[in-house]
Structures are given as C-alpha cells and as structure tokens.
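**Q** Each of the two chains sits in its own frame; use the hints to bring them together as a complex.
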Amino acid sequence: MTSRSADFHFADDEFEALLRQARARQVADLDAGWDFDAGLADVYARAGHTPPPPTPGASSQPSASEPAGQQDAERDAVEDVCSHIEMIDALLAAVSKIGEGPVLHGSYLTMARQYLMQLRLGLAGRRLTAAQAFGLLSTVKHDLREADRTLRLQHGLSLEQALRERIGELREINTDLSQQMDLLDDKVMRLFNDADEPAALTPTSH
Amino acid sequence: MTDGRLTAVAPLPIRGPVFSAGEPGLIVESVDFADFYREERSALVGFVISHGASPPEASDAVQVAFAAVLPPRWETIRDPRAYLRVAALRAYYRSAPCAAAVVEEVPEPAGWSPPLDPVEVDEGARWVISALATLPWKQRQVMAWYIDGYSYAEIAKMLRIPVPAVRKNFSRARQALQDYYFGQQREAG
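The listed protein sequences derive, respectively, from chains L and C. Under UniProt numbering, the letters of the first sequence match residues 1 to 206, in that order. Under UniProt numbering, the letters of the second sequence match residues 1 to 189, in that order.
Here chain C stands alone, though its shape is the one from the complex (with noise of 0.2 Å):
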C-alpha cells in the first residue's frame, strides 16, 4: 500500500450476524454454541482489543463473557452477538475497573484532535487497528461497532446516544484515520 491506493479486498471479511435483521429479540435462526465459539470469539477478542484492553486482557473477557452463556442459558440469548460483546467488554471492565472509570468520566473537549501515535501503515491495515486504539473514547466505541457491521441506528442504541452524536463521531475517527493515512503516504513520497 504504497502507492496511496487501498488494496483490494474481498466481499465483506467481517463475521456476518448470526441473527439477521427481524424485530428486535425474534429469534430467526439458532446456532450451535461450538460453533458460534469458533466463528465469533476472535472478532469478539479484536472488538475488546479496539477498547483499550491488551490481547491478554481482552482473550480473558471473552472467555469469561462465554462462560457466562453456556447451554442452557445459550438458547435465551436473542442477539448472542451484540450480548456477548457488551458481557466481554464488561468483564474487561470488571478487570480494569480504573479504564472503565476514566474513559467514562473524563468529556471529549471541544475541538480535539487525537493524538494518533506513529504506528507505520502496512498492506495488511493492521495499522487502523492500532491507531483505533488511540482515537478519543466515543470515536474508538462508535468505530468498534461499526467495524463489526453494526448501523448508525444499532450502534446509538447500543451506547445510548442519539443517532446523530453516533453520526459526528464516526465523522471525526474517520477524518482521524484519512489525516493519519495520507500524512504518511505524503512523508513516504
């Protein structure tokens, strides 16, 4: 990804919904708990990564969260996916009750900029996933969501903001993202 182009990719890499879009709480299509394990828990991982845990940090919230919805309490869940990421980033929490505290106490001031930190862009973009990390709370939280294929109007529920603050916030983590990228495509010549 040098020469300012994106790579191509194929169709849609993020783990798709195990529950497609009904009302909310229908269940419309039951999944084996082994197997949703397998599909879903390293997205889950990277979901609690895209939060500030370490991959340790993160790994053990998501076990936890699991074991906290084991047969036979697995056939109750309505939308395993979206539970099971709030159970795992409060397990996070519950384990690192000082980020929990500061991230949600401290207000985004006016006008910041994030602080991205110099991670080097490569071909595989894992440096969006570095640089999520340092993007302020709102921003990193709404991206988390969005990331694993969650609407403007799910994500607002989910955090329970108005749509438009989801909208703003998007706005500025990607404006974020495309300075940091095109800073260094410019410095890379």
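Bound-form chain L, shown alone (with noise of 0.2 Å):
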C-alpha cells in the first residue's frame, strides 16, 4: 500500500474507463470460459423445469423413442454423478482456504474447481463426449497433482492431510482424493456408452 500523493489521482473520466475496462475484461473472460446452453440447462434443471429446446448444433434430446424407464435411470445416473462431483467442491472449497494471503495451491484448487463445474454442467446440459468428459477429469487430477505439490512445498502437508485437518470432525467422508477421483471416473464412465458420443442423459433437476 502506498502513502496518498495529492500529486497523482483520476479525472473522473480517467476513473470511469477504468471501472469499465476492467469489468469488460472480467465479463469477456468469464463469457470465454463458459458454455451458455450447458449454463441455461442447468439453470432449469435446478428448478426442476423442462429445458428449452437445444439451439441448433446442440446435442440432441433424449430419443422419444427411448424408454421411459431408461431414461428415469440415466436421470439418476446423472444425479448421482453431479452429487459426487458437489461432494468433491466442497472438499476443495474447505482446503483452498489454507493458508495466508495469494497461496499457489489455492490458484490450482481454484481452477479444480472451475472445471468440476464445467463437468457438472456439461453432463446435467448433456453437451459433453466422452472425450471432453475425460479431458475435464484428466484436468481436475492434473491440477490437484499440483495443489498436492505446492502444499507439501509450502505448508508440509498432503492436499489429504490438509483435508483431514479442515474436517476433521466429519469423520464419515473420505477425504483421499485420489480415491474419489476415480470413483467419479467410473462413475463418468458408466454415463456413455458409446466414447465418442455426447451424453444421451436427461438433464437433472439439481
């Protein structure tokens, strides 16, 4: 923090494009980083709603033709998936919190978490292939590869460890990572049937 200088301030002009400069950039980066329709499906899946008809390219709708009794299960296929995945933020929300000031395995947990999210919405707005499934999870391990790095580096505890020690009272979770990592792998896996397909799930009410 600098001392104040009479010397130096802002026309309010000056002051006004750069209140605007910088809240233009922050939008364009979040409009870059998020997939509106997947974002709108989840939107009405959380209420419980019936999602507006995909815009065109979109994936397609669950096959009229489909079972009603297939999709129900590939309903809560997805749910179940998308509680696993809110499961997992909340572990990484308690454990960024570790530590003072700007702490690199926080950047790496935040950015877990970001694509968790993706995840979550591509497969609740079935707007994800097997493929970019895969490389949202292969992202969230890499990223907390390296949370589980710089807090051994910086604070001599495991990301695990640091789990255990941020929730310790809630014994009944499993705080391994790698563990519930690849159990929300298989659970991913089971959603496709075929790899190279996008998701034929009905959205989740959420």
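Everything labelled a hint here was simulated from the structure, so no lab data went into it. Ideal placement from N, C-alpha and C gives every residue a C-beta, glycine not left out. All the given hints hold, so there is nothing to weed out.
Restraint-style ranges between C-beta atoms, simulated for each label pair:
(1) C:34 / L:183: 30 to 40 Å
(2) L:161 / C:160: 41 to 51 Å
(3) C:160 / L:131: 42 to 52 Å
(4) C:152 / L:35: 30 to 40 Å
(5) L:135 / C:165: 46 to 56 Å
(6) L:16 / C:186: 18 to 28 Å
(7) L:80 / C:86: 26 to 36 Å
(8) L:11 / C:152: 15 to 25 Å
(9) C:73 / L:152: 45 to 55 Å
**A** Written out as structure tokens, the structure reads:
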C-alpha cells in the first residue's frame, strides 16, 4: 500500500474508463470460459423444469423412442455424478482456505473447481462427449496433483492431510481425493455407452 | 499501461440496463429469459466475485439465482438486473454463511486505510477487480454496484444507507485504487 499523494489522481472520466475497462475484461474472460447452453440447461435442471429446446448444433434430446424407465435410470445416474462432483467441490472449497494471502495451491484448487463445474454443467446439459468429459477429469486430476505438490512445499502437508485438518470432525467423509476422483471416473464412464458420442442423458433436477 | 496513462476504451462496455429509467417497478420492456442469461450472466458472476466470492462460488450462486426466477415467474420480475444481483448475493451468503456474518458485523474503523494486496497493474485493468476484493466491506459493496452502472441514489436504496454514506465510501474506495495505481507507476519508474 502506498502513501496517498496529492500529485497524482484520476480524472473523473479516467476513473470511469478504468472501471469499465476492468469490468469489460472480467466479463470477456468469464464469457470465454462459459458454455451458455449448458449453463441454461443447468438453470432449468436446478429448478426441476424442462429445459428449453436446444440451439441449432447442440446435442440432441433423448430419443422419443427411448423407454421411460431407461430415461429415469439415466437421470438418476447423472444426479449421482453431480452429487459426487458437488461433494468433491465442497472438499476443495474447505482446503482452499488454508494459508494466508495468495497461495499457489489455492490457484490450482480454484482451477480444479472451475473444471469440475464445467464437467457438472456439461453432463447435466448433455453437452459433453466422453472424450471431453474425461479430458476435464484429467485436467482436474492434474490440478489436484499440483495443489498437493505445492501444499507439501508450502505447508508440509499433503492435500489429504490438509483436508483432514479442515474437516476432521466429519470422519464419515473419505478425504482421499485420489479415491474420490477414481470413483468419479468410474461413474462418468458408466454414463457413456459410446465413447465419442454426446451423452444421451436427461438433465438432472439439482 | 506503463506510461501512467489509462488505455482508451470503447464506450460503455458495461452491460446496460434492460429496463430503462422509469418509475420504480414500471415494466418498460420485456426480455427473453435466455437472452438475458446470455447477456447478464457473466456480469452477475463478476458482481458476486466483487463481494469476495471465488469464481466457482460466484458462478454457482448466479445459477441458483437464475433458477429461482425461471418463467413464468420471470415475467413478474420488474427489475431483473437488480433483483438477480441481490438474489445471487443471498445465494452466495447462504453457501458461505461465515463470510456474510463477518462482513455484516465488523464495523469499519475510523481512518482505516485499506491494505491492498500487491496485485500487478496490467493493461487490461484486471488488477482493479483484484484490488476491489481487498477493500473494506462497505466500499466494496458500493463499488460493486457502481461498476455495474448504478447511481449513488440507486446504490443507497439497494444498500439501505444514506446517499452521503455512498458518496463517502465511493470516494474512499476510489482513493485507495488511485493510491495503489500511481504507487505502482512510480515504482515502475
């Protein structure tokens, strides 16, 4: 923090421009990293509503000839995966608060959570191919490995140890993120019948 | 932005209000929900981030807020920009109740000087967003609404504080950002 200076100041229009430029950059960054179709599908799914018709080029809705029981099973499977993702996200949120000020492991955890969110939205909105889903999972795992490495360097703790310290009272939760991610891998794999086809699954009602 | 001057920007990149200034509560123009989502979602996420949320937390809170106003309820929302900002903040606080409790209960000490973190000044002005998150709570609130295009009077109404308090907090926040910016410029030579 620098001392205040009467010699330097923003003109009113300069300050307005600075704020607008900052927000415009932020919005552009956020726009670039967001799948709006999947996001809209997630909004409808959270409210338990039928999502709007897909935009041209988007993945198809479940086949009309698909048996209702199969659709229910698929919806349950997606809900299960989404719940699992949310549980992992909650664990990462807890451990990301370790340390004071900017911490490198926190950046990796933030990125991991963003990719998890993309995965959740993509699966809920049936916008991901298997390759895309597993690509996101792979990226999350990479970020978690880097977070673990930096945590060990900065705090002498593994990611799992840090988690146990943060949520030690919740013994029933398995804080081994490697196991949790492997389990998520298995669940996502079961969602896809054909490896390179968009997931033909009904959006969930989260 | 290394010569101490700000980069020229296109006029008003902030998303403009969907509803023009009219009587409070007057529906001036209807807007499609999906179009509004595409237009405003990122600005809403940025707004919640300005209040201290991480990007994933802010994104989730905005999704929750949008889910709560789906049609047909959407048609009854008279000022969706403001309504969704408040709703998204509430969703964030519900998911992070500790943060809400702390910022509401700790008073800002007189003469307090904001400890801005040493974020690097960059050409894209991204440093402003990082610096905003380090301001005292009221200053951060005021700036978050201001940067989204709200007037002092509108901010006062939203935050339920007098207009002079809005002006005071805005002035202090601006001073803090200004001190930081020109300090970085001096250090850069």
